[in-house]
Amino acid sequence: MECTTAGCLENVLTDPNSVQLNGSDAGEHVLNGLAHTVNNAGGIEMIENNDPTIASTSTKTVPNYDDVFPALPGGPTIGDPMPISLHQSSMSSRPKIRSRTENSIYRVVPEELRSRNRRSEDPSKICALIMSKTGTKIQLTYPKDGSLTFLISGTAASISQAQRMLAKEFEAPISHSIPIPKEHHRLILGKAGKKLFDLENATQTKIQIPKQDEKSEMIRITGTREAIEKAVQEIQSISSDAYSRSIERISIPKIYHPFIVGPFGQVLDQIQKETGAKVNIPPPSVPKDEIIIKGDRKGCELAYERVKAIYEEKNRRCETITAKIKKSQHKFIFGPKGNTLNEIMQLTGVSVEIPASDSNIDQIVLRGEPDQLPKALSLLYEKTYSEREEEIEMPGWIHRHILGPKGVKFQELSLEFPKVNVSFEAEENRIKLSGPENDVQKATELIRQRGEEIAKQLSVEEIKVSNPNHIKYIVGRNGANLKHIHEDTKANIQVIGDDGVNDVKGGNPSGLSKSISATGGRFIRIEGSHESVAKAKKELVQLLEKLKNEVTLELLIERRFHGQIIGPKGEKIRDIRNKFNQVMIMFPELKDQSEKVVIRGAKQDAENCYEYLSKLNKELLVNNYRYEVPILKQFLQFQGKDILKKIREETGARLELGNNGESIIITGIQDKVEKAHERIQALQNNLSDMSQVDIMIPSRIHNYMLGTKGSNIRAVMQECGDVIITFPPEGSGSDRVGIRGTKDSVQKAKQLLLKMSNDFQTNNYSEEFKVNVEHHRYLIGKNGCNINKLRDQHNVRVQFSSDNKLNKEDDRVVITGKKEDVQTARTILEAKIKELENVTELQMRMDPKYHHLFVARRAALCKQIFEEYGGVNITFPSQSDKNNDKIILKGSKECLEAAKQRILEIVDDYESQVTIEVEIDAQYHRLILSSRSKNEVNALQQNFDVKIKFPQFTKPDLQSQESDKINDNRSNIVTISGRKENCEKAREGLLALVPVTIELSVPFEFHRFIIGQKGVEVRDLMEKYDVNIRFPPSANKSDIIVITGRQSNVEDAKNALEKKMI
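Each residue of the sequence shown is one higher than the last, beginning at 1 in full-length UniProt numbering.
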């Protein structure tokens, strides 16, 4: 056998007869640059070849094995199995260890070779670069046919990588186009093109998909022939999978949909189970005839035929009859979750059609086969009149006792009558019952009986509190007073004030009566046995009478004297209280930084104590007169502290060096203090290099110049160095300000003070006028909203007097700022004051049965009228005074008449209001009342002046499952109360909030891209479009995604998902 230079390597690897690994034929082959000659004698001759791509050309004539070694008689012939010795060496029994290194051939035919400049690019260098990157060994040969052959050695992964790199360098790319339906392009592209990117990497091709607005279906693939074949196979596989799915649509009149669904959905479930297709039938509330069938093509066709067959049969055989039934009984026909309708269909095969709850039609249509219609009609009447509703008028406070703690007492009734639904409406003072007629009648009698028993055993009294300031004293600190009365009388007491309910038992029971004005209720409510209520009322009345005779006085005493008045361990203050019949004397806490001392007690005792403390305060002020004298550093430096000791002995005043070392504090009797001050000033004037200048600054701005506790002047003195600035005493009226110190410092301080004076006079023009104290809170507004707005708009400062009640004439208001801004702000305030002074009182009569409309929900209507009609206050009589029909309105003359008309309109609306029912599936109630939609529900109530009430959600109870089934028929009903035309408008707005559900078919493999990492992307979608998106479980591998939300939001979310798939 002979190997040529050009073709040896290829022939060796491609000719199966060229090398026999286990045979004995002689031959010659080339491996790794060495020519190996194998002869029958077992010897191996190796001829080195330095060129790795060129094999040795030496040839030898090798004798035939059979000629050299003839077979022996009886000996084994070639091909016979060798006998195996039982005593083989241990080496022969060891398992063979296979190498991880593999060999592969990659060949590029001439017509596929990339054209390149051979002089500039050496193929062996390219191979060496690829070997270094991939960790493989590559042998290159040039066969005679002009192709390139590569022998690649290495691991499987590295060989694959090397082949891709060799193809990129040596193989010329070709292009191929295949037609794929336009609707399948998005499946090949994947989310954000990720699937296309992965496909291009896996096949080492470039795939071009036409744009969405182009009509072409051709997909162009560029790459090697082998890579193109792989890419075409993958693309055609994706398209074939898409072809296997189908969507069918069939339009069937809505009246025949119940027959396709079947009783309890049994027919629909059977169709879906047998065909494997998904049949989507619009819910009864959606006026849509189209039925959509999705799934495999074959399953869709079978389901389509089944649905069509049911429709054609029922259309041919069914007839109808009608029954006129009272509208209020329709809900009993529907049953819990439509169970009654399903039961009738299951027993008779007849469909019962009930008009919408907002419709005035009271006719029921029965549709089915003629022989079953009479039986269905009989069942219909039986279900209709088997249940009834009852209403009991009962005060709301009794409801709580019927229910018991956490409803324990009422559970006995619910167990005795599990099919009766009971609704307690404490605000309306009524109880509603619904259920089977006999059970409702018995439950009604039992509840009435219990209510009468409670009314006989318990009593309720209310005491009006005229002064709201008395409430905190009635409650006491941490409720101490209420607890004491409760322990003494065993009566339950609630004190209702502006801040809510203070209850010694805790919590606010439902059904509290309210005697309130537009600002809130103020009364005491006592509940308990007749004896305990009478005793508690007596104690509370006595407490109120005592509070009425008490007064509260306030006295300003400097904080530095508080400790001297209180004394060590409170001894002195106890002596003072004993002198005046234990009046209350309250000092401010340290953290408050207040100087206000409060005295409370009987009028005579409190006034006597006030006079005593005032006198004591004056004595303390006289004996502790205080004056701070600024001093120069030279004074202490040259005179020393001996002179201060001498002044102290001569004058009898106390002298202390200030904390900053720049002043001396003189304390004592005023005459002595002034004498010491004069001595110190005289000593400072005698110092050398001293200068003194007096400047004129208007006395009215002295306080502004001084700043808080003299901070502004201290800053000037610190900036100028050795200088003392002296202002005249407050109230003297003098404009002269003295400056003493070194000449340079005095001149600098003078310039600064004059500049400050000019700035203050320009920007601190002020005007003062008097305003009735009662008007202050209206001018200031809630949380200061009115006065803050005035300050911001006109850049002024407005200060209201905050004096105590002893000085009622101190009702000043001071406005400060630029002159023109101050004058404008004053004009605005005076105009508002004229409006407030125009307040009058109006009385009107109203039937007490309408009072609850205005006082319910913490006087919501009263507050609304107060805000909309210029602050008109409305006061209603106490609920205990049931015969009093007089209400009082207070406000400006112009607003009172408008407020009165509004009150009459509200009463008229209540008299003419109706209640309509809107059926909305209970599963959507929480979505409608979610944080976003709840504001829109509230807006509907305000815009149309209606009340929208959703049924209460209750958790299922194992002991009352049967009762829950009966009550489910009410779980879908939402009631709207108000004028008829407004109710209709509100109903339309409410139905617009009802979520719709659509299904979107998205291949299962794309779901994870839509969901995103840890669900981030799908949450963003749901928040952006306010929808709920549900994905099928992974085990089902279903393509259907369910989107729930408002119609417009659902469509937007659907479009967004479809765009992601492009």
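The hints are simulated quantities; they were obtained by calculation from the structure and are not laboratory data. A portion of the hints provided could be inaccurate.
Claimed, not checked - Derived lysine to aspartate or glutamate pairs resembling EDC-like cross-links, with alpha carbons at most 16 angstroms apart: (1) Lys327 - Glu917; (2) Lys750 - Glu774; (3) Lys743 - Asp694; (4) Lys383 - Glu353; (5) Lys890 - Glu867; (6) Lys168 - Glu226; (7) Lys535 - Glu462; (8) Lys947 - Glu999; (9) Lys834 - Glu774; (10) Lys949 - Asp908; (11) Lys442 - Asp371; (12) Lys596 - Glu554; (13) Lys442 - Asp488; (14) Lys194 - Glu234.
Every value quoted in this text rests on a predicted model; they were computed, and no experiment measured them.
Hint by hint, here is what the structure shows:
1. Lys327 - Glu917: holds (11 angstroms)
2. Lys750 - Glu774: violated (46 angstroms)
3. Lys743 - Asp694: holds (13 angstroms)
4. Lys383 - Glu353: holds (15 angstroms)
5. Lys890 - Glu867: holds (13 angstroms)
6. Lys168 - Glu226: Distance ~13 angstroms between Lys168 and Glu226 Cα, so the pair holds.
7. Lys535 - Glu462: Given pair Lys535, Glu462 holds - Cα atoms ~13 angstroms apart, limit 16 angstroms.
8. Lys947 - Glu999: violated (34 angstroms)
9. Lys834 - Glu774: Holds, at roughly 13 angstroms.
10. Lys949 - Asp908: violated (21 angstroms)
11. Lys442 - Asp371: Roughly 39 angstroms between the alpha carbons, so the hint for Lys442 and Asp371 is violated.
12. Lys596 - Glu554: Holds, at about 6 angstroms.
13. Lys442 - Asp488: violated (40 angstroms)
14. Lys194 - Glu234: holds (15 angstroms)
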